[in-house]
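Let the sequences and hints guide you as you build the complete structure.
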Amino acid sequence: MTQTRAEVPLTITGGRKRSVAGLSMSGLLTRLALYLFLSFVCLVLLFPNIWMISTSLKDSPQIFAYPPELIPAPFLWSNYLVAIQKFPFFLYLRNTLIVTGLATFGTVLSASLVAFGFARRRFPEREVLFAVLLSTMMLPSIVTLIPTFVLFTRLGWVNTFLPLTVPAFFGGGAFYIFLLRQFYLTLPYDYDEAAYIDGASSLRVWWEIILPFSKAPLAVITVFTVLSNWNDFMGPLIYMNKPHMRTLALGLQFFRDQRYTQWNYLMAASTLTLIPVLILFFAAQRYFMEGILLTGLSGR
Amino acid sequence: MALQTKHRPGPLARKEAWEGRLYILPWLAGFLIFTIGPMAASIYFSFTKYSVLSGADWLGLDNYTKLFGADRLFGLTLYNTFYFVILSVPLNLFAAFLVALLLSVQVRGINLYRTLYYLPVITPAVASALTWGMLFSGDFGLVNAVLQALGLPTFNWLFNPKITKLVFVIMGLWGIGGSAIIFLAGLQNVPRVLYEAAGIDGANLWHRFRHITVPMMTPLIFFNLVLGIIGTFQVFTGAYIITAGGPANSTLFYVLYLYNNAFRFFKMGYASALAWVLFVIILVFTVIQLRMARLWVFYEAER
Amino acid sequence: MTKQLSRREFMRNAGLAGTGLALAACAPVAQDGAMDDGSMMAEKQTAYIFDYDPTGTDAWVEADQLFIEYFTEKYPDYEIIREQAPWAGFTEKLLTSIAGGSEYDVIYGYWQWLPLFIENNVIGPLDDLIDADTEISADDFFDYAKETIEGETYGLAWFISGWLHWYNLSAVNEAGATTPKEMNVNGDWDYDAWYQFAKEFTSEQDGVPIYGYEMGSGRSVSVYVMLAWAWGTEQWNDDFSASIMDNEENVALWKWIQQFYLEGLTPLPGSSTTEQPISYTNGRSMATMAGQWYTRTIVQDGAPDLFDIGMVPFPTGPSGQYSVAALNSFYFSSSPGNVDPAWAWYKERSFSEAAASIYASIGGGRFPSIKRVAPATVYEWEDTEVYEAIRPILRTYRTSPKESEWINTYWNVAWDEMVLGTRPVEEILGQLAEESTALVNS
Chain A
202 MTQTRAEVPL TITGGRKRSV AGLSMSGLLT RLALYLFLSF VCLVLLFPNI
252 WMISTSLKDS PQIFAYPPEL IPAPFLWSNY LVAIQKFPFF LYLRNTLIVT
302 GLATFGTVLS ASLVAFGFAR RRFPEREVLF AVLLSTMMLP SIVTLIPTFV
352 LFTRLGWVNT FLPLTVPAFF GGGAFYIFLL RQFYLTLPYD YDEAAYIDGA
402 SSLRVWWEII LPFSKAPLAV ITVFTVLSNW NDFMGPLIYM NKPHMRTLAL
452 GLQFFRDQRY TQWNYLMAAS TLTLIPVLIL FFAAQRYFME GILLTGLSGR
Chain B
71 MALQTKHRPG PLARKEAWEG RLYILPWLAG FLIFTIGPMA ASIYFSFTKY
121 SVLSGADWLG LDNYTKLFGA DRLFGLTLYN TFYFVILSVP LNLFAAFLVA
171 LLLSVQVRGI NLYRTLYYLP VITPAVASAL TWGMLFSGDF GLVNAVLQAL
221 GLPTFNWLFN PKITKLVFVI MGLWGIGGSA IIFLAGLQNV PRVLYEAAGI
271 DGANLWHRFR HITVPMMTPL IFFNLVLGII GTFQVFTGAY IITAGGPANS
321 TLFYVLYLYN NAFRFFKMGY ASALAWVLFV IILVFTVIQL RMARLWVFYE
371 AER
Chain C
2 MTKQLSRREF MRNAGLAGTG LALAACAPVA QDGAMDDGSM MAEKQTAYIF
52 DYDPTGTDAW VEADQLFIEY FTEKYPDYEI IREQAPWAGF TEKLLTSIAG
102 GSEYDVIYGY WQWLPLFIEN NVIGPLDDLI DADTEISADD FFDYAKETIE
152 GETYGLAWFI SGWLHWYNLS AVNEAGATTP KEMNVNGDWD YDAWYQFAKE
202 FTSEQDGVPI YGYEMGSGRS VSVYVMLAWA WGTEQWNDDF SASIMDNEEN
252 VALWKWIQQF YLEGLTPLPG SSTTEQPISY TNGRSMATMA GQWYTRTIVQ
302 DGAPDLFDIG MVPFPTGPSG QYSVAALNSF YFSSSPGNVD PAWAWYKERS
352 FSEAAASIYA SIGGGRFPSI KRVAPATVYE WEDTEVYEAI RPILRTYRTS
402 PKESEWINTY WNVAWDEMVL GTRPVEEILG QLAEESTALV NS
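Chains as they are written, first to last, in the working numbering: chain A, 202 to 501; chain B, 71 to 373; chain C, 2 to 443.
It should be emphasised that the hints constitute simulated quantities derived from the structure, not laboratory data.
It is possible that some hints are incorrect.
Stretches of chain A that chain C covers, calculated by requiring three or more beta carbons in the stretch to come under 8 Å of a beta carbon on chain C [stated by the list, open to error]:
hint	stretch
1	266-274
2	430-439
Below, computed lysine-lysine pairings styled on DSS-like, alpha-carbon distance capped at 27 Å [claimed, not checked]:
hint	chain 1	residue 1	chain 2	residue 2
3	C	Lys348	A	Lys443
4	A	Lys443	C	Lys75
5	A	Lys443	C	Lys45
6	B	Lys232	C	Lys256
No residue lacks a Cβ here, since even glycine has one placed at the ideal position from N, Cα and C.
In structure tokens:
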């Protein structure tokens, strides 16, 4: 047992160079087949996005041309300029960044602490409270929307960013806590135990052992939190009465009225809106994909 | 497994318990401040006639008796929802796991693929709605064009009550990026030492997968299963945007019906009753999951 | 052990107390707070408006700006505070605000809500305000411009859509056929002629169908009623106590509509809310039904560059010729905080000459609500003769007491079944009538 404990951290942090699975899948053909397959699935998955970008560059009559045309003719790059002038795009972007930034920071910080409590500290009420935590996800938010709004009205928080950011600092929601707890439970307790024997406090264990080993899940919940706040439309809609406090997700709704949708501008604004999240995801990847699995094609 | 922990002795237990409570305090406080009030209010509303436009009138159990007795749509929407859950949850779980395995392979450019596979999840729902209409249209949709080219029968996908739910199951697969990312992150937490030990024993690929990867991934499979069930029972957005419940109520899922009651018919009381019935249904399924988890979920640090 | 228990008990009690407190905090805010605000504002008189937010629709945004400028100049002592929401989420925003204690003097209306708003005493009748007003009287308005329930008027439309047929004039001329407009003038434009038109112009081009008529909007109850009037019936009996959807006329009419679907003269609905690439404006269906707001769509889709636009009133049925006036109105609070500025705003916004000309650019003005305001058109291809022909046959739809629930739960489903042809029309309508009657009496 003691032997394992000493070995494990070393192996995890240092052992990624070698292909442990030792498969002979590194042949050129195999890799080619893999790329082909990846690309095929990719193409199918990406079709809505390809169509979205194509629509964003079309003029209005071509959008519903028949049969449907994929290639815009002409390419109307100006749609993007028009789209961001239809509403104060950069002001909304700024608001979105503030809300998303604060909410994400609050969620990642507090969820990781709460999950640490649920996963690695024992206390009598733990199971019951965990069940309560899960149950908060089971009631459709449609029926709590009104009372929640009333609550924030009484707190005097309407027309501020507080309803969209403060709750994030209180655990950030069951989803993230549950997810982190599951990750924490996959880490052997031997690490903590060794530290406690050395006299470390639990806060230090959280900071120096759990967090460093949890870069992957933390990156994942960062991406998820950013995404859910970035695309949240109902929150900003009901809490912001002042137009200058609106966010991008709300701005996207302005391309549709009762009878008509300006698809090309909607798609252009949607494309612009998703780019920051896309960049974040690309950047966050190195945290959740340092390792390899059972195959590890060592062709690098 | 080799890394089973032994129980620690008790003197520190009380300190540990208080620490535990302290760590979960942010959530507990948030729950008491922001969550429990609205939840309790919705229970109260479920016993009232409440249009939101004016005050709530006490009805007693009327909403619930109507729901179980007179409301034909309650049964229908439950059926639609169960149909969707039963097909969608296992399919998505399986597909997400496969995609995660596929994306965990280390080859040049894999980062780009991972990003692209996640792209559909980022795309705003209003933006994908148009595309789905285009893809599945009976007259000119790409899906039918492909089927026709292959000599297969074509369908009016979005206007045939027998298959519209299947279309939603298929569309749901575009969203597996989220679950796949969770699996992907989990796959890298599998300690390499385990594979190495297995390698020495001469285990083959399948054995390693079956006896190391899968058991180590069970906490996350469990997570995605529980969340899949909780989330899928509340399926809403697609049907709301694309079909509005039609044709002939074939995609009127439970929460869409609930939403209609709340914000279209201004029957918030009845909607609350519907919500709490769904709450109980999901709770039952989750409790079953939690019970069964003891049989198959492996926690490295189970204490 | 005892210590532990009591601790647990403490936590439980604290939890219960918290719950009670939190629950109290969520009870809807009593709705008398805003009244105080009103009386405190002795100096400047303020009206609170809940309005639609047209951001993104440039013409509308400009019109709104012009109107506000006009209003502030005319009433310098009045202050207008508008809270606005986009169409998506409009109800959610309105309901949460009302539950949070907001009071609005004027609310942007949606006809499906009207009965519920009245039932909950959110809005009140306008009759007393009209009577008290020296500038206007009830007789100034066309009957079709009023949203009236049980003899009381709750809305005076600021925007009226008169529904008509739009057909592909180029295609008709190419085929050397008589145009529907000519038929209408000659008195030959009846439902059989409509059906024949659809049949004649349904064809195929390069393997893809071209439809003779796009019938989709007929599913809307307020459009369907126009056909029903022509056939001598409606959806409800006089006092809304029973559905008459299973009567002879409705059954015959549904069968008449059904042949369009079963014979492939009209496209099957692929989805109900997403726009369809098979449309009149791209030449894939030869005719359709819409209000004059459709002029905007026609221009945006570039249709006038593709073919000539033809317009004609709906045909004469066994019981006459009608067009439905689809109304957009504002509603007035049942307990307004400040009547003067609110009514001034209501009047100016809904039926002043200024508003008529300012809002003509977004499709209004063709069918004015008030007699002294002249009709306005915008595009040179619009057929003013057809507007003239429609005005005398305009009528308004009577809103059933549970409109929204009825449409979403029963009407749409019956319509889908008719389109699919899964059951005989008699059976579908029998069930619809039975369920609808049960609904309005529940």
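Exercise. Which of the listed hints are broken here?
Worked result: none
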